[in-house]
Structures are given as C-alpha cells and as structure tokens.
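Let the sequences and hints guide you as you build the complete structure.
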Amino acid sequence: MAKPFLLIIAGLALLGAHTPLHSTASVEVPSGLDHKPWKQLLKTYVNDKGLVDYKRWKESSEDRKALKDYIDQFASEPELAAKGKEKLAALINAYNAFTVEWVLEHYPIASIREIKGTWSGRHWDIGGNLVSLDDIEHKYLRPIMGWKVHGVLVCAARSCPPLQQFAYTDEKLDSQVSEAFQAWLARPDLNTFDPNIKLAEVSKIFKWYREEFNEYPGGVKAVIAHFAPEKYRSFLASAEYTLTFKNYNWGLNDQSDLGKNYKLSPLKLLFSMFKE
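1 is the number of the first residue of the sequence shown in this note's numbering; add one for each residue after it.
Just so you know, the hints here were simulated from the structure itself, not pulled from any lab data. The structure presented is a predicted model; accordingly, all values stated were derived computationally and were not measured. Just so it is clear, CB atoms sit at the ideal spot from N, CA and C, and this is done for glycine as well. Keep in mind that the hints are not guaranteed to be accurate.
To be verified - Quick list of in silico lysine-lysine cross-link-like pairs, DSSO-like style, CA-CA up to 27 Å:
1. K198 <-> K172
2. K231 <-> K263
3. K85 <-> K39
4. K139 <-> K231
5. K36 <-> K172
6. K58 <-> K36
7. K116 <-> K55
8. K231 <-> K198
9. K43 <-> K260
Claimed, not checked - Simulated DEER-style distance windows between Cβ atoms:
10. S60 <-> D34: 18 to 28 Å
11. A75 <-> A237: 44 to 54 Å
12. Q40 <-> S76: 16 to 26 Å
13. H106 <-> A237: 40 to 50 Å
14. E171 <-> K260: 28 to 38 Å
15. D174 <-> S26: 15 to 25 Å
What follows is the structure, encoded as structure tokens:
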C-alpha cells in the first residue's frame, strides 16, 4: 500500500505546484498609490540576498503600522483606476506586501505553508473587493505578464526568488523585472552553473512553469542564459549542457536560521494542501 499512497502524494504535489490559469478576471486598483513607504521598509528589513529580518520588523510598532498603512491604500474604492503597467506594478507590490504582513502576523514560524489559508483565503482588500494571493497571481498577473511574474512574486519561502529592496513602479517595471531575474539567477544557493561538467541546476520554478517560460523564444534555457550572471552566459547560450532542478525549500525566507532546514514531508504536504 505504500507505493500507491506515495504516488497519490506525488500527484497532489504536482497539482499544487503548477496551478492552472483561472479565467481572466478584473480588479480595480486605485491609481496614484504611494509606494515610497513600501520601498523604505524593504530597504530597512531586506538584505542583499533578499532575506527578511522578520523579528526586528515585528518588534517595531512604528514600522508594523507603516506597513499596514501602506496596505490600507489598496482598499480605497478608486475614483480613478490604475491601468497598464501602473496596475501591474501595484499588484506585484500588493502581493509581496500582503505576504510579508501575513508572515509578521504569525511570526515566528518555520514555513509559510504552516499557516492555514495563506494563498486561497480572501484576506486582502483591493479597491473594495476581498481578494486572495492566488487571485492576484493567477487571475490578475499571470494572464498578462506570463513567465515574468515568476521572478517578481515572493511567497516567503527560502527557494522563492529574492525579495528586492525596491518597490515596483510603472516607469521602471521592465528594467525592474530584469533586475529581479538577474538577482534570482545570481544566487548560487538557488541556481548553480558549472561549465566544467556542463551542468546547470536551477530553481524548480522553471520546471513547474516550463510551459510559460517556453513562451520566451528558445524556452527555459534561453531565459536562464539571458538573465544569468555574465560570466556564465556564453556557456548557457550554447545550450549544450544538462539542466536539472534543485529541491524546493519551503522554509521561511528569514535572515535568521529559522526554517533554514525545514523539511516538508509527504504527510505534511498533504495536510497543508487540505488546510488551503
């Protein structure tokens, strides 16, 4: 009976990892939001590796309020709704800010997966409508941004792309997306390149969302070659190497060792999926 059970677990894991696109829906985001407070908070509590000092942040009543005040901006019913890149940038910031706030509310925790309803719960108010993190990612961003969304949304796991020290803006969105991908692929613990043995071991996100990355000319390998550190680009551009995928660490993206060695057992994975 063990093997069938493990096969069921594996199938559920794949379903959970690669969420199909929902039908495109709309949400009105207020235009003219002030993202400077979010930028300042990121510069204060996020280090160069994209890890967060949740403990110090939680202990600062002033900066907890600053984050909540920033988040509250999204809740106002818009007289003028954001469009185009302004809306996309605001939704990226919202996803990341909501995620940080969610972690802070439950900190200390070893993994965000241990909190019930993290992605499916409609806890967040945008334009007078309650939405979930899944709504923001799968309904509002993926249908428009495609593969690019996977380098900018940070789910608070150690194997997520690094949280950047800037707020996304409409004026700089394209260059900021590129910067986020470059920072992600430059993290050797998340993506490893070895020309000597012709091996690239990259984030499992590239496997889970391969179909979307394949929308880029040349597919996954071309995306990796484009954004990888410059010293590896000629090696990666040849595409004559073996591509493998790292195990995904769902431990919290904390600057301390909290969650560093987090292990998601098959039973814990199954339980966390039912909690969602």
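Here is what the structure says about each hint:
no.: 1; hint: K198 <-> K172; in the structure: 35 Å, violated
no.: 2; hint: K231 <-> K263; in the structure: 33 Å, violated
no.: 3; hint: K85 <-> K39; in the structure: 18 Å, holds
no.: 4; hint: K139 <-> K231; in the structure: 37 Å, violated
no.: 5; hint: K36 <-> K172; in the structure: 14 Å, holds
no.: 6; hint: K58 <-> K36; in the structure: 20 Å, holds
no.: 7; hint: K116 <-> K55; in the structure: 21 Å, holds
no.: 8; hint: K231 <-> K198; in the structure: 14 Å, holds
no.: 9; hint: K43 <-> K260; in the structure: 22 Å, holds
no.: 10; hint: S60 <-> D34: 18 to 28 Å; in the structure: 20 Å, holds
no.: 11; hint: A75 <-> A237: 44 to 54 Å; in the structure: 46 Å, holds
no.: 12; hint: Q40 <-> S76: 16 to 26 Å; in the structure: 21 Å, holds
no.: 13; hint: H106 <-> A237: 40 to 50 Å; in the structure: 43 Å, holds
no.: 14; hint: E171 <-> K260: 28 to 38 Å; in the structure: 37 Å, holds
no.: 15; hint: D174 <-> S26: 15 to 25 Å; in the structure: 23 Å, holds
Hint compliance for this structure: hints 1, 2, 4 are not met, and every other hint is.
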